[in-house]
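We have chain A already, so just place chain B on it with the hints.
Residue numbers (the working numbering), protein chains in the order written: chain A, 458 to 937; chain B, 458 to 937.
Each hint should be verified, as a subset may be incorrect.
Because identical chains cannot be distinguished in the list, a pair is counted as satisfied if it fits within a single copy or across any two copies.
With a straight-line cut-off of 27 Å between C-alpha atoms, the simulated BS3-like cross-links for lysine-lysine are [what the hints assert, rightly or not]:
hint, residue 1, residue 2
1, 891, 678
2, 462, 581
3, 535, 557
4, 557, 541
5, 541, 780
6, 875, 928
7, 581, 780
8, 578, 462
9, 480, 902
10, 557, 604
11, 581, 480
12, 652, 896
13, 480, 604
14, 780, 792
What the hints contain is simulated information worked out from the structure, not anything from laboratory work.
Listed below, chain by chain, are the residues.
Number of protein chains: 2
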Amino acid sequence: MAEEKLPTRAENFADWYNDLVLKAELADYSPVRGCMVVRPYGWTLWENIQGQLDRRFKDTGHVNAAFPLFIPMSFLEKEKEHVKGFAPELAVVTHGGGEKLEEPLVVRPTSETIIGYMYSKWIKSWRDLPVLINQWGNVVRWELRTKLFLRTAEFYWQEGHTAHATEQEAREETLRMLDVYTDFAVNEAAVPVIKGIKSETEKFAGAVMSTTIEAMMQDTKALQSGTSHFLGQNFAKAFEIQFTNQNNELEFCYTTSWGLSTRMIGAIIMTHGDDQGLILPPRLAPIQMVLVPIYKNDAEKASVMEVTNRIWQELKAAGIRIKVDDREGVTPGFKYNDWEMRGVPLRMEIGPKDVEKGSVALARRDKPGREGKSFVSQENIAATVSEMLVNIQAALLERATAMRDSHIHDPKDYEELKQVVQGGWAFSYWCESKACEAKVKEDTKASTRCIPIDGQPEHVGTCIVCGAKAKRKVYFAKAY
Amino acid sequence: MAEEKLPTRAENFADWYNDLVLKAELADYSPVRGCMVVRPYGWTLWENIQGQLDRRFKDTGHVNAAFPLFIPMSFLEKEKEHVKGFAPELAVVTHGGGEKLEEPLVVRPTSETIIGYMYSKWIKSWRDLPVLINQWGNVVRWELRTKLFLRTAEFYWQEGHTAHATEQEAREETLRMLDVYTDFAVNEAAVPVIKGIKSETEKFAGAVMSTTIEAMMQDTKALQSGTSHFLGQNFAKAFEIQFTNQNNELEFCYTTSWGLSTRMIGAIIMTHGDDQGLILPPRLAPIQMVLVPIYKNDAEKASVMEVTNRIWQELKAAGIRIKVDDREGVTPGFKYNDWEMRGVPLRMEIGPKDVEKGSVALARRDKPGREGKSFVSQENIAATVSEMLVNIQAALLERATAMRDSHIHDPKDYEELKQVVQGGWAFSYWCESKACEAKVKEDTKASTRCIPIDGQPEHVGTCIVCGAKAKRKVYFAKAY
Numbered sequence: 458m459a460e461e462k463l464p465t466r467a468e469n470f471a472d473w474y475n476d477l478v479l480k481a482e483l484a485d486y487s488p489v490r491g492c493m494v495v496r497p498y499g500w501t502l503w504e505n506i507q508g509q510l511d512r513r514f515k516d517t518g519h520v521n522a523a524f525p526l527f528i529p530m531s532f533l534e535k536e537k538e539h540v541k542g543f544a545p546e547l548a549v550v551t552h553g554g555g556e557k558l559e560e561p562l563v564v565r566p567t568s569e570t571i572i573g574y575m576y577s578k579w580i581k582s583w584r585d586l587p588v589l590i591n592q593w594g595n596v597v598r599w600e601l602r603t604k605l606f607l608r609t610a611e612f613y614w615q616e617g618h619t620a621h622a623t624e625q626e627a628r629e630e631t632l633r634m635l636d637v638y639t640d641f642a643v644n645e646a647a648v649p650v651i652k653g654i655k656s657e658t659e660k661f662a663g664a665v666m667s668t669t670i671e672a673m674m675q676d677t678k679a680l681q682s683g684t685s686h687f688l689g690q691n692f693a694k695a696f697e698i699q700f701t702n703q704n705n706e707l708e709f710c711y712t713t714s715w716g717l718s719t720r721m722i723g724a725i726i727m728t729h730g731d732d733q734g735l736i737l738p739p740r741l742a743p744i745q746m747v748l749v750p751i752y753k754n755d756a757e758k759a760s761v762m763e764v765t766n767r768i769w770q771e772l773k774a775a776g777i778r779i780k781v782d783d784r785e786g787v788t789p790g791f792k793y794n795d796w797e798m799r800g801v802p803l804r805m806e807i808g809p810k811d812v813e814k815g816s817v818a819l820a821r822r823d824k825p826g827r828e829g830k831s832f833v834s835q836e837n838i839a840a841t842v843s844e845m846l847v848n849i850q851a852a853l854l855e856r857a858t859a860m861r862d863s864h865i866h867d868p869k870d871y872e873e874l875k876q877v878v879q880g881g882w883a884f885s886y887w888c889e890s891k892a893c894e895a896k897v898k899e900d901t902k903a904s905t906r907c908i909p910i911d912g913q914p915e916h917v918g919t920c921i922v923c924g925a926k927a928k929r930k931v932y933f934a935k936a937y
Numbered sequence: 458m459a460e461e462k463l464p465t466r467a468e469n470f471a472d473w474y475n476d477l478v479l480k481a482e483l484a485d486y487s488p489v490r491g492c493m494v495v496r497p498y499g500w501t502l503w504e505n506i507q508g509q510l511d512r513r514f515k516d517t518g519h520v521n522a523a524f525p526l527f528i529p530m531s532f533l534e535k536e537k538e539h540v541k542g543f544a545p546e547l548a549v550v551t552h553g554g555g556e557k558l559e560e561p562l563v564v565r566p567t568s569e570t571i572i573g574y575m576y577s578k579w580i581k582s583w584r585d586l587p588v589l590i591n592q593w594g595n596v597v598r599w600e601l602r603t604k605l606f607l608r609t610a611e612f613y614w615q616e617g618h619t620a621h622a623t624e625q626e627a628r629e630e631t632l633r634m635l636d637v638y639t640d641f642a643v644n645e646a647a648v649p650v651i652k653g654i655k656s657e658t659e660k661f662a663g664a665v666m667s668t669t670i671e672a673m674m675q676d677t678k679a680l681q682s683g684t685s686h687f688l689g690q691n692f693a694k695a696f697e698i699q700f701t702n703q704n705n706e707l708e709f710c711y712t713t714s715w716g717l718s719t720r721m722i723g724a725i726i727m728t729h730g731d732d733q734g735l736i737l738p739p740r741l742a743p744i745q746m747v748l749v750p751i752y753k754n755d756a757e758k759a760s761v762m763e764v765t766n767r768i769w770q771e772l773k774a775a776g777i778r779i780k781v782d783d784r785e786g787v788t789p790g791f792k793y794n795d796w797e798m799r800g801v802p803l804r805m806e807i808g809p810k811d812v813e814k815g816s817v818a819l820a821r822r823d824k825p826g827r828e829g830k831s832f833v834s835q836e837n838i839a840a841t842v843s844e845m846l847v848n849i850q851a852a853l854l855e856r857a858t859a860m861r862d863s864h865i866h867d868p869k870d871y872e873e874l875k876q877v878v879q880g881g882w883a884f885s886y887w888c889e890s891k892a893c894e895a896k897v898k899e900d901t902k903a904s905t906r907c908i909p910i911d912g913q914p915e916h917v918g919t920c921i922v923c924g925a926k927a928k929r930k931v932y933f934a935k936a937y
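One chain only, chain A, in its complex shape (with noise of 0.2 Å):
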């Protein structure tokens, strides 16, 4: 299968991006429309990702719990704005046990809603709160256009749903959330993200206020990659979520819902990948590194398998995640182009001469050819190693970031942003306007993307649509 050549991604960057994922066996379409198979190449990736933002869920003081899977219609209907946006999209079970159901039970989009009603039986007082907590599993959103990892009816993800007695806790809850998205975006999956504010117009379907990162692909378009909302009082009103403050009075909490899926998969892919392949980041990869010993005959052979066995064990109680390659009928050349297809970060070949000299020959995937290969000891082969796969990480962020950061443009008026967003970013004053930002999106389809929390100008400028006083500077960027 490695033989068989990607198309490149100047050719046509989708053609490229869907062909990998297949051909890498990281996901398969499914008979059932708009689903997807997550192989376990993929899984194991997801596995990774999930450990590392559970950790990072866990020290922030959540706890993880499981609501069903099924939502009533009605309750969906108690947030009019909620409904408004999700109701186009719901797969909804009208039949159970060989019985019409009286009331239709729709398969969740989110949980926004059961989980409300739970806790409004949970809350009831001051001394309940915080409630945080998360939800690993399933989602539906029944989808017309859908593309493997980025838009399918069902994906995997978890989302937060928190509840607070100020609403300033959980507006920091809200903030906290999307740093912790940040710290893991591009700490983990070396993919720069942006963090901002949603328009009025991309906001979550009963936000008060929507909170996202984004990222740039490599063909230019953004890839939101996680969101974090405050919900205000939208929910607790709808539901009742109510609590005895200090004072025995009752109140409303104020509550938040925060959420990450199988995209990110999808933003590691379009950020690091290159014509060969995948090329993933060390610290998610199922695979860190790939032993590929070479030999022409049986002395050789025992010579290198017995190099080989004792690395791979020094290796492995080292922690690192190591996969041997001893496929037979196989030529080296084949492994390699293989496990470059599948976004090993490191490759590590040991041969006769190696036996011989007491070395091991390792080939850096992000540096294709003689720049990224090197010849080191087999002394504290660990440590060599481990420190490899932290400067490859640090590579993948540097040239991630060098590539959006070459990207984002701050044209001088309307008609260069309209240029502009044809091959990148433009950063600009937006008068937050709905009128404006709906212009923009039909002369070029680039939406408004966020108005970063960061890296705000200090002074007031002019929107750049319609000349209006603008506040803050927004990102338009076509997107996915």
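Just chain B now, with coordinates in the frame of chain A:
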């Protein structure tokens, strides 16, 4: 909440169970018929179960993946026995995105069919075999009479699905995974189980042979706690899972499936709990030890909290899951009851006298009153606590095994069988006819639980029901 007493097990075992699940905040009823909410304390217990099982699955060469929640109705119909077994329990999605679907989708009750379909795409050659995949997820079976953890419309589980080149390999896999379940149940959950083969009547819809681990609850009812099925070529033929063997001939695969669910939480509750509440096995307990500091004034508080914090850090560093209960405004006695109800295996108390003497008090959850109480030195406290947790784990298993063994009977005739299954299990020769099995069920409500793999007599005997020749003995018992 600890003030309200539970009904005792003797008064009403079913009420004791339900009340305990709710009061200990393991789970709650949901507004969706038959579905439960697993609360954080219950979900953390499940996460610990998952961790211990997943480690064993990976050690035996399995990988995880994710298949769609929805299955086309026509898929279920491809395996005749399978659809017959599951049709009455299906939840059916008829509408998506506001439109009626061309073909209804069922919410997976189990995934043999959709996974079989994917395997037929992935498996081409003997080189692709075996395929050893597991999935963690939720499934839905529309149940009329539900009971938290034991029988709910939606539940959580893992389902392993493997494909092999030969019958022998697939049969070995079936028993290997039954052994994994047995090892987990005995050594992690301290639930003694009997592994055996299901009768034809009780086997999985679509299997050639079903195996099970069966546990005895404190009311002497049996709980099926995990199952592993040899599916022969039934699903391979229904879904054309074929491979080219080494002689270049096309053959059907042999497949297996095996699952263990959140039912295991019910098994743990009903095996170990007492009239004061839960008793959780230390290896799975979300909190292994609670530390209650005791003081009457600020001076005492200062010195007690200093020792408390030092010991907390020491135990945490040793990997012990520990919680300090420093709530103000509730008495130590209230705290003791509260944590006893929640089943924390060990309690440490530190008061001013302990500070003076360099000691602490330890109270075992499994041994009430003085018997379980000891005073130990603060020196080497991590080693002392670890050892005690090991002892508690062993004591729970020993007690449960003794309880079970004292309620297994070898009735001399059918009359005696009818009596003993009212408060225990009968281990008797059975001719393996459906008629005798049905007669026992009609007369006593007891079903065949399993034909145990180990401990069969060396000689043939006569069926306890009809007197015909019988090769093997079976367990008859009432069951959940």
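Outcome of the hint check:
For the homomeric pair residue 891 and residue 678, the shortest alpha-carbon distance inside one copy (22 Å) is at most 27 Å, but the shortest distance between copies (65 Å) is not. In this assembly of identical chains, the alpha carbons of residue 462 and residue 581 lie at most 27 Å apart only when taken from different copies (21 Å versus 61 Å within one copy). For the homomeric pair residue 535 and residue 557, the shortest alpha-carbon distances inside one copy (23 Å) and between copies (24 Å) are both at most 27 Å. In this homomeric assembly, residue 557 and residue 541 come within 27 Å of each other (Cα to Cα) both inside a single copy, at 25 Å, and across copies, at 20 Å.
Taking the shortest Cα distances, residue 541 and residue 780 never come within 27 Å of each other, neither inside one copy (49 Å) nor across copies (44 Å). In the homo-oligomer, the alpha carbons of residue 875 and residue 928 lie at most 27 Å apart inside one protomer (21 Å), although the nearest pairing across protomers, at 84 Å, exceeds that limit. For the identical chains of this complex, residue 581 and residue 780 are inter-copy neighbours only, at 24 Å across copies versus 53 Å inside a copy, given an alpha-carbon limit of 27 Å. Taking the shortest Cα distances, residue 578 and residue 462 sit within 27 Å of each other only across copies (21 Å), while inside one copy they are farther apart (57 Å).
Taking identical chains as interchangeable, the C-alpha atoms of residue 480 and residue 902 are never at most 27 Å apart, the minima being 31 Å within one chain and 54 Å between chains. Taking identical chains as interchangeable, the C-alpha atoms of residue 557 and residue 604 lie at most 27 Å apart only when they sit on different chains, with a minimum of 23 Å there against 33 Å within one chain. Only between protomers do residue 581 and residue 480 lie at most 27 Å apart by alpha-carbon distance; the minimum there is 16 Å, versus 53 Å within a single protomer. With identical chains, the CA atoms of residue 652 and residue 896 are at most 27 Å apart within one copy only, with a shortest distance of 24 Å there and 69 Å across copies.
In this assembly of identical chains, the alpha carbons of residue 480 and residue 604 lie at most 27 Å apart only when taken from the same copy (15 Å versus 45 Å across copies). Taking the shortest Cα distances, residue 780 and residue 792 sit within 27 Å of each other inside one copy (12 Å), while across copies they are farther apart (50 Å).
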